[in-house]
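Number of protein chains: 2
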Amino acid sequence: MRAIFLIISIFLISGCSDVDESSASAPIAAQTENYEWKMVTTWPKNYPGLGLGAENFAKKVEAMSAGRLKIKVFGAGQLVPAFEVFDAVSQGTAEMGHGAAYYWTGKSKAAAFFTAIPFGLNAQEMSSWIHHGGGLELWRELYDEFNLIPFSAGNTGVQMTGWFNKEIKSIEDIKGLRMRTPGLGGDVITRAGGIAVTISGGELYTAMQTGVIDALEWVGPYNDLAFGFHQIAKYYYYPGWSEPGPALELIINKDAYQTLPDDLKAIIESAARAVNQDVLDEYTARNNEALVTLVEEHGVELKKLPDDVVKELRRISDEIIQEIAEDSEIAGRIASSIKAFQKQAAAYHAISEEAYYEARSQ
Amino acid sequence: MRAIFLIISIFLISGCSDVDESSASAPIAAQTENYEWKMVTTWPKNYPGLGLGAENFAKKVEAMSAGRLKIKVFGAGQLVPAFEVFDAVSQGTAEMGHGAAYYWTGKSKAAAFFTAIPFGLNAQEMSSWIHHGGGLELWRELYDEFNLIPFSAGNTGVQMTGWFNKEIKSIEDIKGLRMRTPGLGGDVITRAGGIAVTISGGELYTAMQTGVIDALEWVGPYNDLAFGFHQIAKYYYYPGWSEPGPALELIINKDAYQTLPDDLKAIIESAARAVNQDVLDEYTARNNEALVTLVEEHGVELKKLPDDVVKELRRISDEIIQEIAEDSEIAGRIASSIKAFQKQAAAYHAISEEAYYEARSQ
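Going down the list, the protein sequences come from chains G and U. The numbering of the first sequence is the working numbering, which starts it at 1336 and goes up by one. The numbering of the second sequence is the working numbering, which starts it at 1336 and goes up by one.
Since the hints were derived computationally from the structure, they do not count as laboratory data. Be aware that a few hints might be false.
Pairs count within a copy or across copies, as identical chains cannot be separated in the list.
Computed cross-link-like contacts, EDC-like style, restricted to lysine to aspartate or glutamate with a CA-CA straight-line distance of at most 20 Å [what the hints assert, rightly or not]: (1) Lys1569 x Asp1508; (2) Lys1442 x Glu1476; (3) Lys1444 x Glu1480; (4) Lys1674 x Glu1693; (5) Lys1569 x Glu1397; (6) Lys1674 x Glu1624.
Required output: the full structure, derived from the provided sequences and hints.
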């Protein structure tokens, strides 16, 4: 019979709790504190991929903590509007949020770097940069003044260029186009002569239908079919130059986080990593069947952006990234870190992932 | 002040424990049982990527469980030899193992499908097939008769073709070549006229140095530099046709697993998912710097396999996969599942990942 060491620590709680931290060598301290947290999101409740990622995160945390940390997930607009998630978590209205960093460029221009940069890292590279290339440390430094701790918690993989009702034959066709596309991709569209608009996902269909926008970029086939964009747009363009591997973010109010015992902090960290890959796995499994439905059942025309348009967008992208890098000291460090990482990852991917795609399709 | 419900359940243990399962709505039951488990691995202790993945898994589980589940990790040969990991876990000598399914084709030919198939899924697709395409269910069905529960717990990304001391100019150059390459890649080499050998990583350098083998495939630059293969081989070939996205496996003795309470089971599941991506992140961040060292400091010649060799290897691969699919009913179902998944994932990746790599390099 194994000996059981049991220490029960019960704390009186008044606002913040002061909880026991068991070390690896000490007898086990049974953590008895319960937490009930709120998570606000920028997505419709239970939305495929994005919203399910948030729900699955909450489920994993509850199961791993045996119910000690319960997280109630709110869709966009249920507790706060989509674009108030950052402030709500920063101020403690909710303890957690799930969204994308590029929605918060009004707080800091460099935030966009933690979702995606045009012609930047794809999903595999982005996760690697964040977790093994210094990205997460920079992200935490950037969000520190907002009382937030960020985690990477999902990725959609390469997105599409988006939905259009006119053909894009040259860069001239971007001029005057009112297009929903957030983050740095939006800045590029604006500099190319278009008018970039940031609208949350749930409002996109109506915006396009009523002519508020002429074109839109959302995610990819799996999500775009769910929103029904094929009913209001004719052409579906690739490749996803503006969002090649956008990371979704989990943000946690720092004060709330610090009240947690170490095991719950570890549970949050691993749940975020698990969801980070699981969301990408879901998109990878679902995108093509949705694309087939869009093209074969709904008559959507799949089109590739002309090479010279891609080149011009690339030129403008590099220009804009350089400007943001010069905007603040930390933005400069983040841009340098991504650039150096991309240089080496792309060099290896040229003989691994790229060369393999080529070999497989021979 | 928040009310604290506290139920302490102490169980007398005799071999198996019968543990309390707290439901989401019930008051929290503090789990007080401690577990000390052994994990045997097919890798050298603390080996980059592969071995670190096993160590990190154990650390995550210990942190998340506040020390209730401690896992001691053994390198290859420390408790059992590399290729006895499967039997050791199956029989309960150790509760857990970390390795790769294609080492166990002596138990079931179909096991190789759960590491990699030549010209098959890359890392992103493999994780998606396992977790959102029915792969995990098939894997668990296959391993059930061995008293094992498998999890995906790491991926190296696209590997290299491997190390050679003679140039491969045509398929004729494979003839008579004694090459270390396990799994289905090995079967292909044998049918192409070579002699495939399976040797564990730690024994490879000596085998090549002493002429037991003429060529070898191990992983990629990050790992291959660590083993020093540049000292005993001249040419380093790509692309990694035989292992485009090999999954590492965590196996757990079923009887041991069933003694765990639900929260520890959930912790294991998320830790495996977290490590599944983290290992890939590590390779993605480290491969290129190692490749640069190999080429620039050690004078290794990086070479691309000729297209007609790739085509012939592809032809043989398809033939062998078809034969294994006909070997048993379950092998047939696994092969069909992978084939259907690959067809759709590759179709979408043609306009997403592939098209993006092309756009980025313009």
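Comparing the hints with the structure gives:
1. Lys1569 x Asp1508: within (16 Å within a copy, 53 Å between copies)
2. Lys1442 x Glu1476: Result: close within a single copy only, 14 Å intra versus 50 Å inter.
3. Lys1444 x Glu1480: Within one copy only: 14 Å inside, 56 Å across.
4. Lys1674 x Glu1693: between (25 Å within a copy, 18 Å between copies)
5. Lys1569 x Glu1397: Answer is neither; intra-copy 43 Å and inter-copy 53 Å both fail.
6. Lys1674 x Glu1624: between (34 Å within a copy, 15 Å between copies)
Checked against the numbered hints above, the structure breaks only hint 5 and satisfies the rest.
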